Amino acid sequence: MTDLLRIDNLGKRFGGFVALESISLSVPAGERLGLIGPNGSGKSTLVNCICGTLRNEQGSVHFDGRSIDGFAAHERTRMGLSRSFQLPRPFVSLSLLDNIRIPLLYAVAARGTHRSAHDIEAQCVDLLREVGLDAKARRLPRDLTQVEMRKLELARAMAAEPKLLIADESMAGLTHSEVEDILALLVRLNEKGVTIVLIEHIMRAVMSFSRRLVVLVSGRKIADGQPDEVMRNPEVERAYLG
Amino acid sequence: MIFSFDLLINAVASGILIGGFYAAVTCGVSISFGILDIVNIAHPAFIILGSYVAYIVNTTFGVDPIVTAIVATPLFYVLGAGIYQVYYVSFEKRGQESLRGLAFFFGLLFITEVSLVLYFGVDYRYVDAAYIGPSVHFGGLDMPLRILVPCLVSLLLIAILQLILKRTFIGRAIMAVAQDHFALRLMAVDPVRIKRIAFGISIATASLAGAFLIIIQPVEPSVGREYIGRIFAICVLGGMGSLPGTVIAAMLLGIVESLTSTFYGPSWAPAVSFGLLLLTLAVRPSGLMGR
Amino acid sequence: MRTPLFLLICFVIAAAVFAGAIAFGNDYVFFAGYVVLQYVVLSTAWNILGGYCGYVNFGSAAFFALGAYSTVAIYKFYPLPIPLLLVVGGAVSGLVGFGMGYLTLRLRGAFFAIATLALAVVMETLVVNWDYVGGSRGAYIVRPEEIYPIGNYIRYLFLIMLLLAVAAITIARLIERSRLGYGFATIRDDELAAEASGVPTLRLKLVATTISGALMGMAGAPFPYYIGYLQPSSTFGLEYAVNSIAMPLIGGTTSWVGPLIGAVLLGSLQQIATVTISSAVNLLIVGCLLVGFVIVAPNGIVGLVHKYLQRKPDDFVGRRHVETESPETVP
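Residue numbers (the numbering used here), protein chains in the order written: chain A, 355 to 596; chain B, 109 to 399; chain C, 41 to 371.
Keep in mind that a hint or two might mislead.
Claimed, not checked - Straight-line alpha carbon distances no greater than 20 Å define the calculated EDC-like cross-link-like pairs of lysine to aspartate or glutamate that follow:
#1 347/C with 497/A
#2 116/C with 185/C
#3 546/A with 357/A
#4 201/B with 480/A
#5 490/A with 480/A
#6 116/C with 171/C
Since the hints were made in silico from the structure, they are not lab data. All values reported here derive from a predicted model rather than from experimental measurement.
In isolation and in its complexed conformation, chain A is listed as follows:
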């Protein structure tokens, strides 16, 4: 089975600073991949390079069997690669409903599926309901708490109907039961066929969700495998404890 996402030798530098060094990674379709690492290890940079927000100088990215090097971010989203931002970036002048509507209008519509305005609206409400924000559908993002904004961020990434969803720290600040809700949501998505890359600091969530774990430290991949094995890896222990 071909991998949905394949990264070969990806490298990214900012001036003299090497943010990512020779990262290679394969993600088969349907995978539940956890990506962890200390702060500043390059997780978000990696996501940015995969999604086209940043341009990597070295290496290549293949998605769904095609090379996507040089593709603009919006093209990658249209192809089915979606991400949420670690620090939420809502469209501040649009209502929550309209925020969700954007990926449907642009990413999904570009795939040729025609949907009526009524159906789109219904789908937006459903998505908001899944993250528990349907009561505030017509409000503006400024009326949301930080936690609610993270949920909006996730919902908006889901609205692009992706084949692969990268959830970047969507659970920060959530209560125990809220974390469970989001995890359940991601599991449901995965069961429908969406490949998920979960970037999280909440170890409990990562361990219970991931079937595979990748560890990034100082821009390099130091472990890639079964979650239990990875956590027993001495290098990983060192990275987290000392």
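We have chain A already, so just place chains B and C on it with the hints.
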């Protein structure tokens, strides 16, 4: 087009001298735009204001324009700090700086120019000083003192600014504030205060640049507009916040303008700086000494 | 309200305005009204790029002047009827808008704004050095006395501009309510997030600059006939740049209503002021109003009305974008 080696040498030389002056004109924007990311397109208006201040004091009291400018520097600093405070409260804090902040400065540019027109009229104004008139001759080179003196003082100004930015605490805080607000806060330094100081310095330089301007050429309110292109072209070409880059870019522009003017005629001069700006933006937005 | 109904209402109002102007008895109202309507078009055009997308264009004068000079260039060859000139002026300015966008829209908003300023000066310098259209000496256009069936030529020009104004606000309103309008709003709010959501930001920005430029060019096309003697310094004058920015910002940038209100109010004010006070004081007032509104009432007159009525956004028909204060923690 009559080509002569003498003409060429003189064109290049005067380009370099004018370039020195252009560097002083631009260094304020190198700070406000290059380092602080504030698009102050009203900077030329403050320069013209500086020119008129020098003019008034020169015609009323006969004081040398550069001396006037130095004395006026603290006043311009206060003006700059005040404007930044308004800018911060109204736009930066609210995240509106891209549209409304720009419009704000544009409005200031406009108000300043029109007010000057209303008060002084559109006649050209001159100043009088000992070094306006005579030239220095050096081989085949002809260097008017009225350009040479401002050029030298400009370079001195830039050198002082560079020292401030690299050696003093405030200077380094200014360089840092552009890159990392949070780290500054951790050091118990208020980023807003630092930016206010930096912007104040930026406008203070306009006082001196204004004096240089009116020494070099007669001034009337709309002269500022020609300089918008020059200033931003030099700032971008010079790599945004880099002062040495600013000097090099300024001299480059001065030379190109001088050559164009000498061999193709002065009516093409405005297009040179603006055209260069467009080219730089299109091809290499990070300038020569790229950031 | 569906667009055909909106257009109908606009035509009715336009007809009423035209009839009212004739009834006024003095042709001066046509001369003054033409300028106000011209600003309605310019402000609306500016707002498509500035208010909707958040990209500030300082070079409105250049697009306006390109339309005017296209007319002059053609006139010297063969005087075409004005509607055709509108198309040509629009096409030329639209093309330049597209070209400029292509060169500069990959840059951040601030650089784009500066580039527009640079473009305006380069255009002006090119025109000043182009003798075919008169260069710095200027160009004369002979305005016909009459045109059938309207009669007085100035009334014809007024009518043209009136129809163009209706077209401009209809286009703006159409954009606002379409998918394009949503896309523009995301570009204004957060371009990076827009790209990640599948919005082809560069393509949309190019659409905005092209439409905006084209409308400005169309506003400029009849101008030589209006003014009779075209000079680069006044055609490229700064008052076009200031007004096309001030009017939407004062009126309100988030919908088509704002530029209309701003242009009508500020334009009329200026027409009155130019007659009663000097034109320099007039410009000073515009500048002060611009700075004042931008600081105190960032959502313009439309925003103030909203606040006064204190209605919630979804009480209005259609979508309303409301500028908000971004909390500091949201990047």
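Against the structure, the hints:
| no. | hint | verdict |
| --- | --- | --- |
| 1 | 347/C with 497/A | holds, 17 Å |
| 2 | 116/C with 185/C | holds, 19 Å |
| 3 | 546/A with 357/A | holds, 18 Å |
| 4 | 201/B with 480/A | violated, 35 Å |
| 5 | 490/A with 480/A | holds, 13 Å |
| 6 | 116/C with 171/C | holds, 12 Å |
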